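Chemist: Residue strings, one per chain:
Number of protein chains: 4
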Amino acid sequence: MIKVGIMNVTGYAGAELARLLYNHPEARVTSVTGRSEAGKRLAEVFPHLACYDLVVEPELGSVDFVFSALPHAASAEACAPLVRSGVPVVDISADFRLNDAAEYAEWYGGEHPAPDLLPSAAYGLTELNREAVKTTRLVANPGCYPESALLALAPAAKAGIIWPEIIVDSKSGVSGAGRGLALNTHLGEAGESVSAYGLGGHRHLPEIVQEVRKMMGPVEAPQPVPVKVTFTPHLIPITRGILSTCYAPLFPGRLLAGEGARDALRELYREFYKDEPFVRVVDSPPATKHTRGNNMCLVYPTVDVRTERLVVVSVLDNLVKGAAGQAIQNMNAMTGLPETLGLDMPAVYP
Amino acid sequence: MIKVGIMNVTGYAGAELARLLYNHPEARVTSVTGRSEAGKRLAEVFPHLACYDLVVEPELGSVDFVFSALPHAASAEACAPLVRSGVPVVDISADFRLNDAAEYAEWYGGEHPAPDLLPSAAYGLTELNREAVKTTRLVANPGCYPESALLALAPAAKAGIIWPEIIVDSKSGVSGAGRGLALNTHLGEAGESVSAYGLGGHRHLPEIVQEVRKMMGPVEAPQPVPVKVTFTPHLIPITRGILSTCYAPLFPGRLLAGEGARDALRELYREFYKDEPFVRVVDSPPATKHTRGNNMCLVYPTVDVRTERLVVVSVLDNLVKGAAGQAIQNMNAMTGLPETLGLDMPAVYP
Amino acid sequence: MIKVGIMNVTGYAGAELARLLYNHPEARVTSVTGRSEAGKRLAEVFPHLACYDLVVEPELGSVDFVFSALPHAASAEACAPLVRSGVPVVDISADFRLNDAAEYAEWYGGEHPAPDLLPSAAYGLTELNREAVKTTRLVANPGCYPESALLALAPAAKAGIIWPEIIVDSKSGVSGAGRGLALNTHLGEAGESVSAYGLGGHRHLPEIVQEVRKMMGPVEAPQPVPVKVTFTPHLIPITRGILSTCYAPLFPGRLLAGEGARDALRELYREFYKDEPFVRVVDSPPATKHTRGNNMCLVYPTVDVRTERLVVVSVLDNLVKGAAGQAIQNMNAMTGLPETLGLDMPAVYP
Amino acid sequence: MIKVGIMNVTGYAGAELARLLYNHPEARVTSVTGRSEAGKRLAEVFPHLACYDLVVEPELGSVDFVFSALPHAASAEACAPLVRSGVPVVDISADFRLNDAAEYAEWYGGEHPAPDLLPSAAYGLTELNREAVKTTRLVANPGCYPESALLALAPAAKAGIIWPEIIVDSKSGVSGAGRGLALNTHLGEAGESVSAYGLGGHRHLPEIVQEVRKMMGPVEAPQPVPVKVTFTPHLIPITRGILSTCYAPLFPGRLLAGEGARDALRELYREFYKDEPFVRVVDSPPATKHTRGNNMCLVYPTVDVRTERLVVVSVLDNLVKGAAGQAIQNMNAMTGLPETLGLDMPAVYP
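Protein chains in written order, with the numbering used here: chain A, 105 to 454; chain B, 105 to 454; chain C, 105 to 454; chain D, 105 to 454.
By construction, these hints were calculated from the structure, which means they are not laboratory data. The structure presented is a predicted model; accordingly, all values stated were derived computationally and were not measured. It cannot be assumed that every hint is accurate.
Put simply, identical chains are the same to the list, so a pair is met inside one copy or across any two.
Pairs of lysine-lysine residues, derived as DSSO-like cross-links and limited to a Cα-Cα distance of at most 30 angstroms, are as follows [claimed, not checked]:
no.: 1; residue 1: Lys378; residue 2: Lys144
no.: 2; residue 1: Lys238; residue 2: Lys318
no.: 3; residue 1: Lys318; residue 2: Lys262
no.: 4; residue 1: Lys332; residue 2: Lys262
Please work from the sequences and hints to get the whole structure.
Modeler: So, in structure tokens, the structure goes:
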């Protein structure tokens, strides 16, 4: 039985880790931290976690495995000594996602707290980076938006069938913005409304670009073509769920033309994900509700034959596949357990 | 491993049974029916149940245990031969809830299809009727509203501390009305709105009255006092969840007076439910979201000391504790399994 | 043209006053205040008020009529000098609602800032207190919950057909809690959920009791019977709207018995409100959405003939009939204008 | 006073016409039709329209102006004789939007019922086609999605600063799908969820393409470049509102490069719409709630400087600016009234 610690259990990602791990057969949460609520019983902070007999502590106790749900910067500072002392860590913050410390500084506004650990950190999109995840002590859990965009684009990007002019239009529930208070998540403001944000450049953009570049490799046609990604997140009045609609021109001549393109594309996607337990290629446009509360990502790839564009819709629960579930999947991979352990359950639908 | 059949898996209660049973360690769903969708794969009807490799059939195959999620009348007709042939059944419909066939005819508008089975049917509010549930082959699963009202009232009613003038004001999400199409569950109509219904007499009323009468026994003060219950259901724009606010005058002199009354009442409730895994007496008013997707009922009892009235608020998920979860709890009790098997999980919050 | 000032335009009630007054043919908003946003253009604070060319000021300019949407205590302090100098004021805060300064101190936690003005303040439920409203310079606009409860109860209470054992169970959208930030109005928490609050005694309770007492007069049967009101507010995931369900035993022998009671009751209600433009007695249970954005209160009275109880359901928009609309109706009455001026519009449905 | 008739008042667009026209100073609704509800009082069908003393009739009475909110095909059949007899008509259905009867047949699946009227029909996006609207008897009111997309794209398209590779990603509330019953607008399914639909080609696509082509004129660079539009609608759990996010590559060299591009673009948009009362170019991303219930379209244009793409976000209320409000604006223009008459009101926010 793995003794697990959760740093910052008092945010949504931390609480979701506790929720999911409660039914994990090989792991047990034994220590949880959270500065603002330290000293309270976990059941006081979160009535749905009354099944736990734990007190929120200021510092982690001795554990075998650590999840960090701390904010960026604070997370790297807390994770670094653990990793250096040999404790395996999944960091849900953004701190180890970007390979380049300079890019981190540009987007997150400060020196990286532990740049020496960047080379050994694995980007924890298990489906696309499994071997690196299995052989590291430090996994950078993907952002929720990148998770949805990358799973939608990977089969096409790796197959070289798209031109690297990509648009990712994402719609997210409010839990992605966290439990902190802000006017844009006040029900009176956000309810019965939809809005776009981050149009000047959202922090998840460089992460998407970095990973798409890796998937596509150099594109030469015949000169080098840069990868261009526009990413627009939107806030919709639901608690959980992200739907990303991804667009890219088809690379001329690489996918069957005409109406057959759709079937050929779906077949390519099915083949790509055929052994993945948490990605399902579906035959009709999915709804976020089909993944509510579980670790699935549903992907619907199609072709707009009028314009010869790839269009892929993906859905997932931003707190599960977009955060805590993916983190547990990574823990399973890192510790040699079956990846599905504790995560194999239907969505809570309707 | 118990082979389980679900009749009418294509409604919300039926689908919820399939969702919950997927992780039950001692039961496996092996046969599901549903007239309108017969012949389709379950995954086609419900993408969240793609984990099942089952086809919706017109008739049940051979199974060890049956849940019926059929509409009333049809349910009794389908359950009766099964029960007579010795198959244990939990009926989620209303058919075996009312002990009196005449009352059934009055409220449900037709002769009872199997009145001979009524005497052996147990009212499946496990917490209050455990012994009868354990020793029968036919359990009538409670209605979702009665479940929330009866768990809120039982400790006070059984202790004789209230006068039998009861008001139950309930607020329910739309899944309680089922998956059928109607204007009052159209998001354009029900969204951003709240309304009352059933004011002339909702079908769950006689069920509440019947069980409250049993709990209170004869009230003589000194002449016999009849049990009077007014029940008003309301539709609110959420998918899952019932909150019931229950009111009754305190029986003079039976509970500590003044501010101390609140603590005395809470102590009485805690004692009553101290061994129940699925009812928790809480210290502050609960939200339905605290029970989303799991089998808990949270009960908050208090006293309006200005008016000397009992006020109890209860919350539960109408599809779980109010339907499928309670049904599985009953199956566990009927088959000698621990009641919590397959049902011990935190709510999906937020 | 009346020059109108709004104190604290930056809350929901203040902004709603500005919204509604924009189309008032005899009034024009010429000055608005709001401490935290002073100096900003109104359009910056509220994009929907871009039709106004006004700057939020720290202090009111010279106006003919003032609405105060300030918090309690601050409101009385700001209104008192205006009233004393002869400016007519409608105060939307609670400061002048309770007739008794001691009761105010008990519920609002502080000395009343202007007790000398209490005797001349009129309780601004125009329908029930029209003459007083027309002849004062200071109107205390009712609370949103009391507005819904009192309009539901008035015809029965004044006719003496109920016993003064009243329960008011109210369901409100989140805008009633204001625009301030709090966890209980965070969409991630309040969305897809319902909860009760204020069970120990909500501040709107004494206001309801005070006015019900006036409506009922002394009840002697044959000894004096005290008025007992239990009031439970609930938070539901909508932005606007209150539905109140009110219960009281019928006074024996005063209303026709049996099924005929319902028609007799409805007739009594229709007669009571027959000349009121903003209260409509309806034949079937109303939804809050039927009053979204306008100044109507819909009232559905019925009798639970099984228990001989009055049950009345009322709906209104808490920001209009429950605040800004009622305030403008009061302004119209105070200034000799037709009460419906600027307020006669259909609800925004769906 | 114009006597107005509404055909099919019983759908959402028809009811919204009645709501908005109630406060129009120069028009009065005197006749309304609706097959399924014929014979009922309008107040029975829609409680929020109780202000009208009208009966739903099977056929229109004699009126001066007609709005048709009938379904396509039925609408053209009903409008044709009216137009031919000289009655001015605004048709909210799709029947006269596409200039080419063959294209109509392809997308709407049937012969056009009145192809002879197509040449005289004006596409009723008043802002872009004012002169034609003013001089015709038959206006085809735009679809709600095209309305939002075209107002977002027009300034850029007409200025020739974009390359005709356009993506329109739209998010709509459920009222756009009408009042008919379907599983995808059931609150239990659509609530707390988001999904894409119409990926194979939505009927609003040819309308967008047709009008974008007109706005851009022939693009030669130096060979002719076809206009390519991908349009993806999404269903989100709100009642009213559309947000469209539109993407197109900037035409090289035609807009200032670098960070200055954003200001230059906003200036271009402001200039384009400077005299339009119902389109406002805003400085920060708007929310649909800012236009709830009124006739405004808010447009936020920006440049993704990393990829040199235009990104424009527009919001409107699909039942007002996307249907009934735009229709009344057209009526005003057709009858020589000021366009804002009856439509100048703030949004109902929050």
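Chemist: To test your reading of the hints: which numbers does this structure violate?
Modeler: No numbers; nothing is violated.
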